Amino acid sequence: TVFSSRVRLARNLANRFFPSRATPKVKKETMEEILSAVKRLPRFRNCTVLKIEELSDIDKQLLVERYLISRELADKKAGSAVVLESRQVVTIMINEEDHIRMQALQPGLCLRKCWETINAIDDQLERKLGFAFSPRMGYLTACPTNVGTGIRVSAMLHLPGLILSKQIDQVLQAVAKLHLTVRGLYGEGTEAFGSLFQISNQQTLGKSEEEIITILEKVVLQVIETEKNARKALLKTNADVLYDKVGRAYGILCNAHIITSKETIDLLSTLRMGVDLSIIGELDRQAINELFILTQPAHLQRINGRELDALSRDIERGNLLRRRFARSKQ
Numbered sequence: 001t002v003f004s005s006r007v008r009l010a011r012n013l014a015n016r017f018f019p020s021r022a023t024p025k026v027k028k029e030t031m032e033e034i035l036s037a038v039k040r041l042p043r044f045r046n047c048t049v050l051k052i053e054e055l056s057d058i059d060k061q062l063l064v065e066r067y068l069i070s071r072e073l074a075d076k077k078a079g080s081a082v083v084l085e086s087r088q089v090v091t092i093m094i095n096e097e098d099h100i101r102m103q104a105l106q107p108g109l110c111l112r113k114c115w116e117t118i119n120a121i122d123d124q125l126e127r128k129l130g131f132a133f134s135p136r137m138g139y140l141t142a143c144p145t146n147v148g149t150g151i152r153v154s155a156m157l158h159l160p161g162l163i164l165s166k167q168i169d170q171v172l173q174a175v176a177k178l179h180l181t182v183r184g185l186y187g188e189g190t191e192a193f194g195s196l197f198q199i200s201n202q203q204t205l206g207k208s209e210e211e212i213i214t215i216l217e218k219v220v221l222q223v224i225e226t227e228k229n230a231r232k233a234l235l236k237t238n239a240d241v242l243y244d245k246v247g248r249a250y251g252i253l254c255n256a257h258i259i260t261s262k263e264t265i266d267l268l269s270t271l272r273m274g275v276d277l278s279i280i281g282e283l284d285r286q287a288i289n290e291l292f293i294l295t296q297p298a299h300l301q302r303i304n305g306r307e308l309d310a311l312s313r314d315i316e317r318g319n320l321l322r323r324r325f326a327r328s329k330q
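Per the working numbering, the sequence shown starts with residue 1, numbered consecutively.
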């Protein structure tokens with residue numbers, strides 16, 4: 001039910017203008033100062049540094065699709081970069097909205113593990129760089145909603161049972177009352193394709209990191225339990241409808257020759273639920289999870305080694321899906 005967990009920290013250097021106020025020259029100087037500090041950390045000895053202005057549009061979109069950078073960083077130019085550790089669990093974005101936005105991203109529900117990882121890196125960088133900090137307000141950030149701890153804790157949940165049982169609005173309203181935010185597949189301002197929802201904290205001031213993580217973890221576990229109960233109820237009262245929906249999704253994914261990204265995500269979501277409920281037993285959940293990423297526009301173009309217009313992408317997506325599902329039947 002939980003696709004991934006992420007903990008992100010926003011930090012700014014004490015002796016520099018925020019990126020929105022800095023000149024291109026100052027932004028580049030800030031970037032180089034941060035890069036120098038990051039490269040001295042043991043975890044980043046074999047890191048990859050990507051300067052945004054040097055990347056193609058496809059490469060930037062590919063990083064967004066893998067959740068390694070934000071859409072906002074992809075739109076930046078000179079003076080912005082991303083540092084990827086070799087395992088790509090931790091990434092550090094430089095000169096997005098803040099000087100530093102570092103994140104730990106891992107599959108499944110492991111918020112505390114992500115926090116421990118990113119907290120250690122935060123401590124090491126703070127000793128080398130010196131962050132903008134107020135004894136009264138906490139860490140100072142470009143956006144007031146991040147002031148304080150500067151932490152954003154989120155979990156990506158797969159909730160098809162709640163959608164099919166028409167309970168999703170009720171659950172999301174309950175989550176919102178706890179001062180948590182629900183977003184779509186790629187964060188703020190995006191839709192919840194494929195029954196995928198990001199649940200994250202709104203409050204960063206007045207609570208400790210430990211309190212924020214504890215609250216989110218409890219809510220996520222409650223939502224997971226509600227989703228499980230919804231799936232059980234659907235199997236009990238609407239099994240034929242459920243089997244039909246999963247079977248149709250499987251049939252289209254195995255045989256479609258032209259298919260859009262949105263339709264693919266929605267069908268993969270239904271199929272993943274079918275695997276979880278043992279409606280379809282021969283498929284591997286991890287293989288389905290990979291297809292959520294590989295069928296995205298930039299990944300398709302990277303696989304094909306060239307730029308593709310919308311129709312060509314839809315055709316190549318169908319080709320990829322048919323190959324993958326044919327292989328799974330062997």
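For the record, the hints were derived by calculation from the structure and aren't laboratory data. Please read all numbers here as calculations on a predicted model, not as lab measurements. Built from N, CA and C at the ideal position, the CB exists for glycine as well. Treat each hint with caution, since some may be false.
Said to hold, decoys possible - List time: in silico EDC-like cross-link candidates among lysine to aspartate or glutamate, alpha-carbon distance up to 16 Å: (1) K51 with E72; (2) K128 with D59; (3) K25 with D57; (4) K232 with D276; (5) K113 with E29.
Unchecked claim - Label pairs and their calculated CB-CB ranges: (6) R248 with D75: 32 to 40 Å; (7) C143 with Q286: 17 to 25 Å; (8) S20 with K236: 36 to 44 Å.
Each hint tested on the structure:
Distance check on the hinted pair: K51 and E72 sit about 14 Å apart at the alpha-carbon level, within 16 Å; holds. Taken as a hint, the K128 and D59 pair is broken in the structure, with Cα atoms around 31 Å apart against an allowance of 16 Å. With a C-alpha separation of about 23 Å, the suggested pair K25 and D57 falls outside the 16 Å cut-off, and the hint is violated. Pair hint K232 plus D276 holds up; C-alpha atoms about 11 Å apart against a cutoff of 16 Å.
In summary, the hint linking K113 to E29 is not supported, as the alpha carbons are separated by about 33 Å, beyond the 16 Å threshold. Checked against the hint of 32 to 40 Å, the pair R248 and D75 passes, with Cβ atoms roughly 38 Å apart. Hint check: C143 to Q286, Cβ distance near 36 Å, so the stated range 17 to 25 Å is violated. Hint check: S20 to K236, Cβ distance near 54 Å, so the stated range 36 to 44 Å is violated.
Of the hints listed earlier, those the structure fails to meet are numbers 2, 3, 5, 7, 8, in rising order.
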